[in-house]
Amino acid sequence: MSRLKDVKRLFFGEASEFSIIVDHLKSDKPALFGLGVILLLVIMAVFADVISPYDPNAQDLSRRLEPPSWEHPFGRDEFGRDILSRIIHGSRISLTVGVVVISISLLIGTALGALSGYIGGWVDMVIMRIADIFLAFPGLLLAIGLTAVLGQSIINVMAALAIVNWPGYARVIRSQVLYIKGLDYVEASRVMGASNARILVSHVLPNSFAPIIVLATIGMGWAILAEAGLSFLGLGVQPPTPSWGSIIATGRDFIFRAPHITTIPGIVLALSILAFNLFGDGLRDALDPRLRI
Amino acid sequence: MLRYIVRRLLLVIPVFIGVSLIAFLIMKLTPGDPVLNVLGLQPTSDPSFIAAIRAELGLDDPIYIQYGKFLWRVLHGDLGRSIGSNKPVILLVSEALPRTLLLVVSSMIVAIAIGIPIGMVSSIKQHSVVDHATRVGSIFAASLPDFWLGLMLMMIFSYYLGLTPISGYGRPEHIILPAVTLGVGLAGLITRLTRSSMLEVIRQDYIRAAKAKGMSEREVIFKHALRNALIPIVTVLGLQFGFLLAGAFFVEWVFAWPGIGRLAVQAIQQRDYPVVLGALLVTSIAYVVINIVVDIIYSYIDPRVQYE
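Residue numbers (the working numbering), protein chains in the order written: chain A, 1 to 293; chain B, 1 to 308.
In isolation and in its complexed conformation, chain B is listed as follows:
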């Protein structure tokens, strides 16, 4: 077990190198001269002065040395400074990331609270009207574009019904609409998964044995069936984390939620490339780390997982 965890953690290294390499290459593709970006000079400035700064910034080094230096800076938490506000990117990102994680985790709770009960009812009443409605409804929910759904919910619940704030951050009710918007698609997926997973489990011999021993239907479902049916759902929740992070970019933009997505989109519109790259790099690293944590949790939940 410990060997598995260590090996899984070691796998982060090549992935991190790959992620940072892609970020570095994107940075190199960025239009405009970095010297001018940093100093805000006109292209007509003294060429020898610019050449001196280029040398000082290491832009004349071979590309692999530049990458090495970039990696060194990233590992030390130096993601550069925002062109717009001149604040360190790491500061902006570390302020925004927890808010995004809060949104993502809240949306997962929404998805679980909707998806598991509906999926269970659907599987218990297989082939009924409820079951058919659930199947169509869940696939429909998974097909709704986040950014559009957000606008629709905002229009209905904030503008027409006045139940929730239109957008913003600070009070607990601010998170309701963004979390529901982001959670609905995942709820559709969890509903389908719970249904199929339950259907598979309730046909197993040990469920029949539990019923034969005289356990009530309720006890069989909650004590035996659901617990085993939950295993694939936990995996999918972990895998969906990345999709939720990407979805959060749109939802945060719609609801003015000051997370990493909004930070990145604003930076894209202001062409503040260091912030864009910092936000993407940190989000990707968060995604990789969370996937590993989920893998490790998964190995605890299901001892049958092979650590090969």
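The following block holds chain A by itself, in its conformation from the complex:
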């Protein structure tokens, strides 16, 4: 669909901005694939108790390391637990970490970024220098350091990931705010007597939505990967709670005898990250009118 066609449809009232975005997404096959996988993950996480064929923690040591079979399509792990059920339950951890980390980062990033861009002056300088320092650290390394000293738990993993993740959002929001606050219609609403808070909430923030939703979608993939990585190093979810990263980590010891323990959760993990990346990419293309060519 061409850009000119979009403008025409908008101009003649044939379509709203939202329906144009949906149309673009519908024609973007990779993005649709991503969305499909994401929906599947959500269903898996919400209905884990109903869907999973076995208790994820039920052990059967006499049948440990069993390869995939009709009875257990993904095989059994080193304690004879059903890997499929563990992967289904593991999706809860992955999605929870993703949603919580991105929500906290967004909350902190939006608040600080908006303040920084809108107020300017020394407030801007202080907030941005703090953000710079965080951005100067390789994020995942800082998260590793923080979880190492805070202690191994899922709450600490989420806290550490949110702490290292907010500056990116703050930067984007700040630049959007700086751009939007200089536009004529914002100036007009100020002349009409709108307060700073009102301008920020009703004009500036809603218009900063597009880049943020893209960042948040791709950020979900990052958070899921980071959680799996930390759990792989033994810093995240503690046994026996199933997490994709920790299943891969335990499978490592049996990689040559029972490769299915490592291979299958890794494929699920990679597919999930891919899904968020593809959908984020598609959203970026659909939300940015310049890319709709």
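Be careful, since some hints might not be right.
[Unchecked claim] Per the computed footprint, the stretches of chain B lying under chain A, defined by three or more beta-carbons under 8 Å from a beta-carbon of chain A, are:
| no. | segment |
| --- | --- |
| 1 | 78-85 |
| 2 | 101-113 |
| 3 | 140-146 |
| 4 | 185-199 |
| 5 | 220-227 |
| 6 | 248-256 |
These aren't lab readings, by the way, just hints derived from the structure by calculation. By construction, the Cβ of each residue, glycine as well, lies at the ideal position given by its N, Cα and C atoms.
Could you slot chain B onto chain A? The hints should help.
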């Protein structure tokens, strides 16, 4: 130009203070009493003796003085001693860091060797099957978790095919699998960047002019298009350095590569906090310094960069 470089170098100071402050705060958050950590005493030891040592170690000082002393020690290369081996942390870290840098640089070479040619072919054959396959393949490569990919490559190439050593360090072939594992994700990114950058460049007037003058397609692509398309790729390579350093933590752990990542992960598991902090601090400083070097190189490659 010189002013830009000096200003860029001066910017290291606040970043270094911030990085060291975060490291210091992490150290303060560390569970356990540092006196007991250092001396290995039981909590039942004589309280007056412990109080004397606390005073001697400066733990009774106000927090900003403690930070000042910490910064002074770090600037003098004193990162404390490992609780496990009692060796100076700086010694362990300075042994491991070059190995990690070797791994990171090798993975960059792998990524460039894969990413640039594929990205070029994809852009020249835009909208072809090759182009579509490349786009999906590159995003897939960037989505693969390093630690899992490492295990898979190890299983296929070392165990089933017997082509490479399973893990370790010392012989040149030891670096192949770790470098490929770490480089694949970056290769995906470089492929996408090369493609989009080339597509942008080959639509420019000077490319059309070069073709109109009768230059061959090959000459236009290699002499004009690629050279200009490389500029954003160099920047991204610099920016990716930090991600590769973090990725190296996982890859080194998988392949038993004795770099700074493996040192840190081992220290985390043994709760050897001075080593963990030393490794993180040195890695972060390396990251900051390398970013600055890349910025300066970038200003040489592209004279249009504004030094404001």
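Open item on the list: Hint by hint, where does the structure go against what was stated? Just the numbers, ascending.
Closed with: 1, 2, 4 and 5
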